[in-house]
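Chemist: Residue numbers (the working numbering), protein chains in the order written: chain Y, 1 to 266; chain A, 1 to 504.
Treat the hints with care, since some could be wrong.
[What the hints assert, rightly or not] To be clear about the criterion: a stretch of chain Y counts as covered by chain A if any three or more of its residues have a C-beta under 8 Å from a C-beta of chain A, and this derived list gives those stretches: (1) 121 to 129; (2) 165 to 174; (3) 179 to 189.
[To be verified] Partial pick of chain A residues on the chain Y-facing surface, computed with a CB cut under 10 Å: (4) Arg77; (5) Ala80; (6) Lys328; (7) Tyr332; (8) Tyr481.
Keep in mind that the hints were calculated from the coordinates and are not lab data.
Owing to the predicted nature of the structure, the values given are computational and were not obtained by experimental measurement.
Even for Gly, the Cβ is constructed at its ideal location relative to N, Cα and C.
Below, each chain spelled out in residue letters.
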Amino acid sequence: MHVLKFSRKSLGIPYAVFLVLFVALPLLVLLYYAFTNGQGHFTVANLTGFFTDPNTLGTLCYSLAVAFVTTLVCLLLAYPAAYILATSHLKRKQVLILLFIMPMWINFSLRITALKELLTVFEGNLARFPFTNAVVGMTYDFLPFMILPIYNTLSRLDGSLIEAAKDLGANDVSAFLKITLPLSVPGIVSGVSMVFLPAMTNYVVLDMLYNSTYIMGSLIGSYFSAYNWHGGSMIALILLAIIILFTLLTRGMEDDNQNAVGGALL
Amino acid sequence: MGKYASELLTCDARLKNENWEILKMPNQNEKIIELKNITKTYEDGFTAVSDFNLYVLRGEFVTFLGPSGCGKTTTLRMIAGFELPTSGEILLNGRNISDLPPYERPINTVFQRYALFPHMNIYENIAFGLRQKKLSEDVINKKVKRVLELVDLEGFEGRSVSTLSGGQQQRIAIARAVVNEPQILLLDEPLGALDLKMRKEMQLELKEMHDRLGITFIYVTHDQEEALTMSDTIVVMSEGKIQQIGKPEDIYNEPKNAFVADFIGESNIFNGIMTGHLKARFCGGEFDCVDDVEKGTHITAVVRPEDVEITPVDEGTIRGTVSSVIFKGMHYEITVQSGRNEMVIQSVNTPKVGDTVGMRVAPDNIHIMIAEDNTNYFTADINSDFRLEFNGKVLDTSVTRIIKGSHRNEDGTLVDAAGDTIDPNRNRIIVSIQPQDIRMTDQVEEGLVDGYISNLIYKGDHYSYVIHTDLGQDFIVDDEYLWNMDDHVGLLMPVEKMSFRLKK
Numbered sequence: 001m002h003v004l005k006f007s008r009k010s011l012g013i014p015y016a017v018f019l020v021l022f023v024a025l026p027l028l029v030l031l032y033y034a035f036t037n038g039q040g041h042f043t044v045a046n047l048t049g050f051f052t053d054p055n056t057l058g059t060l061c062y063s064l065a066v067a068f069v070t071t072l073v074c075l076l077l078a079y080p081a082a083y084i085l086a087t088s089h090l091k092r093k094q095v096l097i098l099l100f101i102m103p104m105w106i107n108f109s110l111r112i113t114a115l116k117e118l119l120t121v122f123e124g125n126l127a128r129f130p131f132t133n134a135v136v137g138m139t140y141d142f143l144p145f146m147i148l149p150i151y152n153t154l155s156r157l158d159g160s161l162i163e164a165a166k167d168l169g170a171n172d173v174s175a176f177l178k179i180t181l182p183l184s185v186p187g188i189v190s191g192v193s194m195v196f197l198p199a200m201t202n203y204v205v206l207d208m209l210y211n212s213t214y215i216m217g218s219l220i221g222s223y224f225s226a227y228n229w230h231g232g233s234m235i236a237l238i239l240l241a242i243i244i245l246f247t248l249l250t251r252g253m254e255d256d257n258q259n260a261v262g263g264a265l266l
Numbered sequence: 001m002g003k004y005a006s007e008l009l010t011c012d013a014r015l016k017n018e019n020w021e022i023l024k025m026p027n028q029n030e031k032i033i034e035l036k037n038i039t040k041t042y043e044d045g046f047t048a049v050s051d052f053n054l055y056v057l058r059g060e061f062v063t064f065l066g067p068s069g070c071g072k073t074t075t076l077r078m079i080a081g082f083e084l085p086t087s088g089e090i091l092l093n094g095r096n097i098s099d100l101p102p103y104e105r106p107i108n109t110v111f112q113r114y115a116l117f118p119h120m121n122i123y124e125n126i127a128f129g130l131r132q133k134k135l136s137e138d139v140i141n142k143k144v145k146r147v148l149e150l151v152d153l154e155g156f157e158g159r160s161v162s163t164l165s166g167g168q169q170q171r172i173a174i175a176r177a178v179v180n181e182p183q184i185l186l187l188d189e190p191l192g193a194l195d196l197k198m199r200k201e202m203q204l205e206l207k208e209m210h211d212r213l214g215i216t217f218i219y220v221t222h223d224q225e226e227a228l229t230m231s232d233t234i235v236v237m238s239e240g241k242i243q244q245i246g247k248p249e250d251i252y253n254e255p256k257n258a259f260v261a262d263f264i265g266e267s268n269i270f271n272g273i274m275t276g277h278l279k280a281r282f283c284g285g286e287f288d289c290v291d292d293v294e295k296g297t298h299i300t301a302v303v304r305p306e307d308v309e310i311t312p313v314d315e316g317t318i319r320g321t322v323s324s325v326i327f328k329g330m331h332y333e334i335t336v337q338s339g340r341n342e343m344v345i346q347s348v349n350t351p352k353v354g355d356t357v358g359m360r361v362a363p364d365n366i367h368i369m370i371a372e373d374n375t376n377y378f379t380a381d382i383n384s385d386f387r388l389e390f391n392g393k394v395l396d397t398s399v400t401r402i403i404k405g406s407h408r409n410e411d412g413t414l415v416d417a418a419g420d421t422i423d424p425n426r427n428r429i430i431v432s433i434q435p436q437d438i439r440m441t442d443q444v445e446e447g448l449v450d451g452y453i454s455n456l457i458y459k460g461d462h463y464s465y466v467i468h469t470d471l472g473q474d475f476i477v478d479d480e481y482l483w484n485m486d487d488h489v490g491l492l493m494p495v496e497k498m499s500f501r502l503k504k
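Next up, chain Y with everything else stripped away, as it sits in the complex:
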């Protein structure tokens, strides 16, 4: 028994090593660079610099806007699709689900390049609608990440709950708003967090779409390629803080949903 315990524990060692080498250490390095200047002295100038520079603040707002609109579009597209998939008794349901997931299996750069060609056909000059193109690109890339978690929660939803609601006098719309929607919030939350955060940072999508606008990811990239490790690190750190804040916020919503008085959410 003792031997077994030891061996099981030791299975975790490779991951622990990985964790230290590639997560904990880089984080410390990031922290060090963010709060030092070129001479290696402690400074908060990088932090104050970020929040006083209208350019960086503008980029932050722009990224938030791109991420927000992308998430919203994804949600509006994904929820009905996931709902139909989860509630229908289609014989070829598996095939349909596959169709939604398939894009994830095709190489990312290939997909975006294809999208770029398509957009060029429709718009002529890609530079005319940079914001729209950013949202379209991100949506195209991240939509499956929104559909899957929502589909999962919806398909696990106990059908007798809907029947109970209708039995108690709720019509289809009311049953959806009061039962289905609140109970699918966990799926929505995990979908949102899987789309919102990457949409703020994934500048490769923009680059490949020849999009000249800057999001947070592109900002970090540009600082690093200009060898400004300190400024770049600080932005990365700020992004991390935003992510943590966002996660805490959405987690709070999930907890609320489980304990709260019904209907309060709506």
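Fit chain A to the supplied structure of chain Y, relying on the hints for placement.
Modeler: Same frame as chain Y, but now just chain A:
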């Protein structure tokens, strides 16, 4: 209902019982709901309910009883509005409601797994139906309070569903339905998920609640004891059809066919034949009976275990060897093997295993039914390979193949769809086969059983034979060719023509 509801609210909360009394409708003899020629066929062609006709009186406690898959839940769901009948109509107070959606029917349901809303607290769960009616918060508040008193869960308003025990969730589910003052309350196996003790308590509580509220209850269960305990009327169902409708006593004492007799209570059921005026031959003996059935008619004889009298060997109508004696508290359950037949007896006497005893049944305790369908039933053993064995021969099938949902667990034990263990030593399989599916052969040893033709009747286009076997059991075989009386024949029974049922 509106008038009653408002009166209800003006009453003092302390007079809880009297309050609910008001709901009792004066006219007890009018039909509240009527199902006419209801048939439900699913898209895949499966007919769950066929030509179902039933009316329920106002204030009645009606139970749909039957094994799983008999159509009882489908019928309930059609009354609730979750399923639409393929044909036929449902009349509520004389009005056709067959096509109304569930939310427009003054009917509420208590679901099998409660179906409480997990994201709402108890108060909101119960208030859900009232909020749909757009009642004022004040009224809702009072009603919720009142109904929580009714189910003995005062002060639970703020609790979340997940902190409640199964029994408490059950009560909340009932409260959530009852608070809407439905004309009919539907209960879909509501006690199935509770443990035995809790179940017994809730049975009495539900019965009491029914008496107090005066609401019509339609209850679905597969538990015959539950049905006998609670119902005013029992509807026994099998394979989508009503087998019998009646009071619990009538269903128990006068079962209409072998299925009902077997399903309700413990029964010894034998195939037999009338051998003379008020004389029936079954289980290897000739018994006097009180049912006047024409000589030569194939019959099914039902004998309740408590009606069999154990006698000294030579005083019994039949004799047998005691194969088991189990203490059951109030009595002993004694199994006696008589030829191939098995007689289960409830008695306060205690013969020893291995004793040879005589058995006697008073004529009025033998219930004779004319075998309409002449189906042959026999009981097969389960051997150690989980295959079926009968008359020392192994049938070409296994338990997992014939009992729907049964499977082998990781530890090698066999369990049925509900997860109960199937024990080869205790469980047996009741096999049924139609007379026309059995073939007779001169190669006696090829048959699953062999015996002598003891009776034959010409039925217009075929002969109906009774084959008397050494097992003490008679088989009925239809054959278009003429065989002679007393011919020694083997009976070929193809496995694919058999149907099977687990005997617990």
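Chemist: Broken hints, numbered, in rising order?
Modeler: 1, 6, 7 and 8
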